[in-house]
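J.: Put chain B on the given structure of chain A with help from the hints.
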Amino acid sequence: LLAGFGSLMQDVLWCFSQVKGTIDTGVTESDIISTVEFNHTGELLATGDKGGRVVIFQREQESKNQPHRRGEYNVYSTFQSHEPEFDYLKSLEIEEKINKIRWLPQQNAAYFLLSTNDKTVKLWKVSERDKRPEGYNLKDEDGRLRDPSMITVLRVPVLRPMDLMVEATPRRVFANAHTYHINSISVNSDYETYMSADDLRINLWNFEITNQSFNIVDIKPANMEELTEVITAAEFHPHHCNTFVYSSSKGTIRLCDMRTAALCDRHAKFFEEPEDPSNRSFFSEIISSISDVKFSHSGRYIMTRDYLTVKVWDLNMENRPIETYQVHDYLRSKLCSLYENDCIFDKFECVWNGSDSVIMTGSYNNFFRMFDRNTKRDVTLEASRENSKPRAILKPRKVCVGGKRRKDEISVDSLDFSKKILHTAWHPSENIIAVAATNNLYIFQDKVN
Amino acid sequence: MLGRGLKRKLSDYEENMAGLSSAFDSSRSLPYPLKRQLVLNMCLTKLQTYKMLVEPNLHRSVLIANTVRQIQEEMRQESNQQPVNICPGIAPAAHSYAGMESPGISLQLPSGVGQQESHCCDLRSVEDPIENSLLIVSDDDMSSAISSILKDLDFVEDISPPTCLVPTGDDQPKFPENTGLKLEDDRQDLKGAECVFGSFEISNSTSYLKDLAIDDIFEDIDTSMYDSDFCCPPLMPPRSPSLATEEPLKTFPSCNSSSANNIQICRTDLSELDHIMEILVGS
Chain A
1075 LLAGFGSLMQ
1085 DVLWCFSQVK
1095 GTIDTGVTES
1105 DIISTVEFNH
1115 TGELLATGDK
1125 GGRVVIFQRE
1135 QESKNQPHRR
1145 GEYNVYSTFQ
1155 SHEPEFDYLK
1165 SLEIEEKINK
1175 IRWLPQQNAA
1185 YFLLSTNDKT
1195 VKLWKVSERD
1205 KRPEGYNLKD
1215 EDGRLRDPSM
1225 ITVLRVPVLR
1235 PMDLMVEATP
1245 RRVFANAHTY
1255 HINSISVNSD
1265 YETYMSADDL
1275 RINLWNFEIT
1285 NQSFNIVDIK
1295 PANMEELTEV
1305 ITAAEFHPHH
1315 CNTFVYSSSK
1325 GTIRLCDMRT
1335 AALCDRHAKF
1345 FEEPEDPSNR
1355 SFFSEIISSI
1365 SDVKFSHSGR
1375 YIMTRDYLTV
1385 KVWDLNMENR
1395 PIETYQVHDY
1405 LRSKLCSLYE
1415 NDCIFDKFEC
1425 VWNGSDSVIM
1435 TGSYNNFFRM
1445 FDRNTKRDVT
1455 LEASRENSKP
1465 RAILKPRKVC
1475 VGGKRRKDEI
1485 SVDSLDFSKK
1495 ILHTAWHPSE
1505 NIIAVAATNN
1515 LYIFQDKVN
Chain B
335 MLGRGLKRKL
345 SDYEENMAGL
355 SSAFDSSRSL
365 PYPLKRQLVL
375 NMCLTKLQTY
385 KMLVEPNLHR
395 SVLIANTVRQ
405 IQEEMRQESN
415 QQPVNICPGI
425 APAAHSYAGM
435 ESPGISLQLP
445 SGVGQQESHC
455 CDLRSVEDPI
465 ENSLLIVSDD
475 DMSSAISSIL
485 KDLDFVEDIS
495 PPTCLVPTGD
505 DQPKFPENTG
515 LKLEDDRQDL
525 KGAECVFGSF
535 EISNSTSYLK
545 DLAIDDIFED
555 IDTSMYDSDF
565 CCPPLMPPRS
575 PSLATEEPLK
585 TFPSCNSSSA
595 NNIQICRTDL
605 SELDHIMEIL
615 VGS
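First to last, the protein sequences are chains A and B.
Using the working numbering, the first residue of the first sequence is number 1075, and each one after it goes up by one.
Using the working numbering, the first residue of the second sequence is number 335, and each one after it goes up by one.
Rather than coming from a laboratory, the hints here were simulated on the basis of the structure.
It is possible that part of the hints are untrue.
Interface residues of chain B toward chain A, partial, derived using beta-carbon atoms under 10 Å [stated by the list, open to error]:
(1) K369
(2) N391
(3) V396
(4) A399
(5) T401
(6) I480
(7) L487
Computed from a predicted model, the values in this text were never measured in an experiment.
A virtual CB, placed ideally from N, CA and C, is assigned to each residue, including glycine.
Isolated chain A (complex conformation) (with noise of 0.2 Å):
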């Protein structure tokens, strides 16, 4: 083992498993990832584009043959989630990009998903056909109906093995329950509700009523002109149905309690970090907006990525995280510019591993940044084409901040801001990531000894 290579992480060796996407230097925008979710039992990931498709993973059963292919994921199922409309009262298109996706857990032989796009949430079954009904008595083979005076015999059909076929088909749309753009959605620990939120207001839904929803937390002011703050995620609690989350725009965190009132606007707990004063600037309170909320698996803890900051927080302590990593501090120099061209408003996402021990999170120039609770250690990789052959470990990437740069260095001013890392997930059992760098999706793996 070479020194200086590999992660530092509970001896984990990071490996390239899998690309997704084109190698075409041209990226086609509707060919954008711009979301990414494994299923509960990591059998299936998910991903959206801005294209407004869905396109589904599955892993195939690792067999003793090929063990060094840990189960790689392949097409499972491709379809078109959401088009884009057109809303003729404002005069305005809705995007059809896929904002978020959700999986339900499963509790048949069908997959359940929940996909959005600003406006509209849609519930989609996800269900294999592999035999199919022949000898119906009124149709023939074709479809087409028989003479009945033709029909002399009356026969069962029966079922009979095809190819196997992967359905989605749309079950449940939620539509015109948001005037403000949808940026979570997240399921209930009792399967039978969910939330979404938007700029200014959350609504809870029952999945099998699409006509009415609860609006839970509804921050607009009575006049938009005092309007200083807007929800940015919301989750639920994993295990306490009664129980959520939202950020804001403020990089404050509410947690909300449904059994106290039917409207939410009296927040349970609030979080929120004083602000340190030898860090102020003009973009104190753009960098501060939070772009991502998520609970631990296990409950206690809420994690929360801002523009420079992921941060732990335990439900119990209010006034200040427990932990705080630096994603890219060597931006906080750089911040006029990124304001200018709008790099800033970025919106990063973060996640925990399966143990809640490593958190993970997207940077620029197509790095990614994990960070381990436990050792304090982190470690920078990059999602590439260079790096990509099968197998391959990952080198950890390092950027120089000043000074002399060393050969493997890569110097602020030479990172490539078009190239950003939103969105990540991670496998709920296993060390294996889903990156998505634009409109390719890159799958990694520990190291098979």
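T.: For chain B alone, coordinates are given in the frame of chain A:
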């Protein structure tokens, strides 16, 4: 909305922007007021750009508006403390810079302040390319920029969600003031009514028609707004056909931005009131 002369300088301004923001980031000698002015102008330019979009991004608009508010507040405090300066926003007192330094930038206060004082009126020559592209922005300009973009975001007709304050199983929706509307009726009508009512809703207030809307609209309609500069008939009560009320509103080409926004709101709200009337009357 921005200072006069903006349009002429806009293309130069944009060209300078990338250079200016790098100058902001890398320069240690850029005086704080200049940096602030730079940021302020960038904010206002962005807001201006967003206003031209059909649907501005709410999140970004709020963040930028807050930044403008922050700068505005700072400049107000400085102008309250000091007599009027030739270069607005520059306070000769050293203490006003305390705690305001951006990381990595040293203002070298003891000597720097003296330099800035003497440069106060020489900035134009010393920092010529930068200063020329930065415009003097008044407090009113900032306020109107903020309110303009935020009002634009409310211009979108608000379709509040069809809310039901009781759990499923109870089939009588508790819409205040609308006990005549039943869910069993045509959903399109229901949504149409909600579209209209939604814009007056404050969360789930049961008295939204009584509070907010009508009185607030009439508060804005004040004939003193229209004297001397404008000659128009007084605004008619809202239940008149919308065309008649819109006509006089259209004759104010020289409105400044703040009254234009009020008029825009009046016009919007008045036409929505008309819409309500049509629905209630059933026409």
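J.: Indicate, hint by hint, whether the structure satisfies it.
T.: Hints versus structure:
A distance limit of 10 Å between C-beta atoms decides the matter here; for K369(B) the minimum to chain A is near 8 Å, and the interface restraint holds. Interface hint at N391(B): satisfied, since its Cβ lies 8 Å from the closest Cβ of chain A, which is below the 10 Å cut-off. Of the supplied interface hints, the one on V396(B) holds, with its beta-carbon coming within about 5 Å of a beta-carbon of chain A, less than 10 Å. Proximity of A399(B) to chain A holds as hinted, the smallest CB-CB distance being about 8 Å (cut-off 10 Å).
The interface hint given for T401(B) is met, as the beta carbon of that residue sits about 6 Å from the closest beta carbon of chain A, less than 10 Å. A distance limit of 10 Å between C-beta atoms decides the matter here; for I480(B) the minimum to chain A is near 7 Å, and the interface restraint holds. Against a cut-off of 10 Å between C-beta atoms, the interface hint on L487(B) holds, since the closest Cβ of chain A lies about 6 Å away.
Every hint from the earlier list agrees with this structure, and none is contradicted.
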